[in-house]
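Chemist: Residue-level listing of the chains:
Number of protein chains: 2
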Amino acid sequence: MKRYLMTPGPTPVPEEVTLSMSKPIIHHRTDEFKGIFKETVELAKRVMQTENDVVIFASSGSGAMEAAVSNVLNEGDRAITVNAGKFGERWGKIVKAFGAEAIELTYEYGDFAKVEDIENAIKNNKDIKAVYMQASETSTGTFHPIDEIGLMLKEKYPDVVFVVDGITAYGAIDVKTDDWNIDIGITGSQKALMLPPGLALLSVSEKAKNVIRKNKNRYFYFDILGEIEAKAGKFTPAVSLVVGLNTSLKMILDEGLDNVFKRHETLAKATREAVVALGLELLSKRPANSLTAVKSPENISSTDIITKMKELGVDISNGQGSLKGKIFRIAHLGYFYKPDILMCISVLEMTLKKLGYSAKFGEGIKRAMEIFLDE
Amino acid sequence: MKRYLMTPGPTPVPEEVTLSMSKPIIHHRTDEFKGIFKETVELAKRVMQTENDVVIFASSGSGAMEAAVSNVLNEGDRAITVNAGKFGERWGKIVKAFGAEAIELTYEYGDFAKVEDIENAIKNNKDIKAVYMQASETSTGTFHPIDEIGLMLKEKYPDVVFVVDGITAYGAIDVKTDDWNIDIGITGSQKALMLPPGLALLSVSEKAKNVIRKNKNRYFYFDILGEIEAKAGKFTPAVSLVVGLNTSLKMILDEGLDNVFKRHETLAKATREAVVALGLELLSKRPANSLTAVKSPENISSTDIITKMKELGVDISNGQGSLKGKIFRIAHLGYFYKPDILMCISVLEMTLKKLGYSAKFGEGIKRAMEIFLDE
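Sequence order for the protein chains is A and B.
Taken in order, the first sequence gives residues 4 to 378; the numbers are from the numbering used here.
Taken in order, the second sequence gives residues 4 to 378; the numbers are from the numbering used here.
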């Protein structure tokens with residue numbers, strides 16, 4: 004069965020990347036690999052729009068999230084975490100796991116963080132050391148206004164460390180790390196960077212580094228300063244993934260960052276307007292351009308939609324936690340182009356019809372085609 | 004730019020096949036390779052539905068076409084060739100190149116051979132030694148009634164050698180080599196067999212072998228009996244392509260021949276009905292299930308359609324010779340499934356609209372979805 008992967012990570016890996024990863028593996032302590040690693044870090048800085056140091060962990064994205072907590076917070080420290088979905092909830096769990104206190108701002112799933120809520124939380128709680136949140140909350144397909152929040156922090160609370168999980172944002176959405184005052188920006192390999200899972204990237208500002216230097220918490224593997232010092236990996240780096248990252252970052256920069264962001268914007272717009280034209284409702288009040296979360300029609304479980312689409316080879320994602328069965332998520336971050344969206348929308352339409360939802364049959368794909376033509 | 008290949012050869016190669024071809028290359032005179040070759044021939048016989056010997060040439064399909072002429076016809080011999088397209092025309096050229104006489108039955112492009120025309124041509128011309136024709140004429144997307152023709156020959160002219168170029172038929176359309184009295188059946192690797200170009204397969208009946216044994220024409224490389232005798236290649240076989248063929252034939256047989264034929268039938272039906280729903284006309288009077296040839300709308304060159312589709316990454320084919328600019332051809336043979344057709348039809352619709360043909364916008368893709376749902 005031919006597979007058509009439309010999930011928000013892992014995402015399809017381009018043949019160019021697979022081929023570069025299939026080249027003979029090289030030893031990680033050679034000058035050759037050190038050169039590749041150094042270049043890859045420089046390419047990552049351009050994609051992440053930062054002059055800050057970028058470290059690459061052999062881990063999933065959650066490893067870098069842990070590093071951003073364990074390296075920054077001491078036992079008893081206080082931090083704001085934004086919980087508007089499963090990944091926001093994870094920030095709270097990690098903060099607690101390292102003995103710090105999480106002041107959790109909770110939003111309904113699909114809602115987004117408001118700058119004034121963050122500001123008030125800092126004002127009303129003493130000694131907030133850091134703010135932890137997502138750029139794009141993958142479980143709900145929501146893009147938080149991290150630009151506004153970052154600029155507010157810079158102006159009013161310049162000592163607070165601003166940590167942004169951009170795992171489904173970097174490389175898909177225009178996230179300006181430095182301009183938006185992001186002290187620690189995080190991403191993973193298996194999203195817009197078009198790689199298999201296994202790498203986490205983390206950018207770290209001078210301000211954050213100063214905080215980390217004074218930190219006394221316990222960690223060994225996820226050692227941000229140690230990674231910077233080691234230059235090409237404190238521990239054995241995931242050699243072939245780094246080589247693949249070198250290729251995929253070059254592909255992104257060759258296409259041009261603005262073109263890449265514009266492509267994601269267009270694919271997202273077509274997906275959103277197509278499902279709305281079908282009479283469906285978006286989950287998010289502020290949808291991200293990296294994935295689209297859609298409420299399942301009444302009396303149809305999204306689990307059935309996903310199962311039926313899989314019968315045709317197309318993989319989309321279910322809701323997570325309490326949203327399971329209630330929403331489905333279509334990814335369009337990374338190696339996706341217009342034909343993929345057209346394919347996915349028509350397979351979705353067929354599936355809905357099979358499941359008894361036949362209103363507006365044909366309207367979704369027509370709308371997607373119109374959006375692409377209007378461009 | 005991501006590519007979506009919808010051309011009638013080469014066709015997309017499944018990852019399983021690419022990976023098997025990437026395994027360490029083995030020497031062709033080892034027992035290991037001989038075993039793979041022997042098994043591959045047995046698998047090919049099952050896909051070609053024959054008990055006859057099958058030989059595998061390291062060549063394009065035209066090499067096997069040449070073998071079927073040079074091994075069978077002597078200088079001065081007479082043969083019927085069916086010319087209903089570019090590949091039918093090629094039979095005439097090869098027959099003449101080997102000093103034999105081609106009685107060419109010419110049909111308008113898009114038309115198909117009639118069994119009575121073949122019968123009359125044999126009746127009206129003395130000493131016809133062979134009939135050369137296509138199963139599916141790739142230049143027009145036409146399937147000739149080779150079943151009727153084969154059975155007529157068996158009954159009335161059992162000495163005539165029946166040679167069928169099934170290059171865009173075998174593995175996509177139910178061609179019953181033995182039941183339909185096909186003495187020499189030919190196919191190539193880069194079509195329904197889902198491989199890169201480079202291999203030609205040829206099945207040969209006992210009757211044809213007896214004719215070949217008495218033949219005095221000149222050939223060296225394309226030596227059918229020599230290949231049978233050599234067992235694993237008279238000359239260096241294309242080792243990795245043979246390994247890939249072993250994999251792809253197993254994929255076809257695992258899916259089940261009947262399922263594979265049914266899949267091609269459904270994809271072809273949806274493609275045909277979609278373009279008709281758009282108000283376009285099929286070129287062929289007897290369309291093949293392997294590809295669909297469509298007349299370009301008035302005032303729109305098919306060359307422009309193809310160029311515009313390529314801008315979105317989708318490759319379809321132009322007409323050949325006098326049909327260039329007048330028709331376009333969408334392939335659906337080999338590694339194609341419903342999502343590919345849905346993608347291709349919506350990209351075609353968008354392209355037609357861009358070029359000023361906006362009648363029935365959305366009707367084509369809707370029809371394709373309906374066909375798939377009706378199944």
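Do not take every clue at face value.
Unchecked claim - Straight-line alpha carbon distances no greater than 25 angstroms define the calculated SDA-like cross-link-like pairs of lysine to any residue that follow: (1) A/K313 <-> B/T306; (2) B/K288 <-> B/L315; (3) A/K41 <-> A/L22; (4) A/K265 <-> B/L315.
By construction, these hints were calculated from the structure, which means they are not laboratory data.
Computed from a predicted model, the values in this text were never measured in an experiment.
Chemist: Evaluate each hint against the coordinates.
Modeler: Checked hints:
no., hint, result
1, A/K313 <-> B/T306, "violated, 36 angstroms"
2, B/K288 <-> B/L315, "violated, 31 angstroms"
3, A/K41 <-> A/L22, "holds, 21 angstroms"
4, A/K265 <-> B/L315, "holds, 15 angstroms"
Violated hints, in rising order: 1, 2; the structure is consistent with all others.
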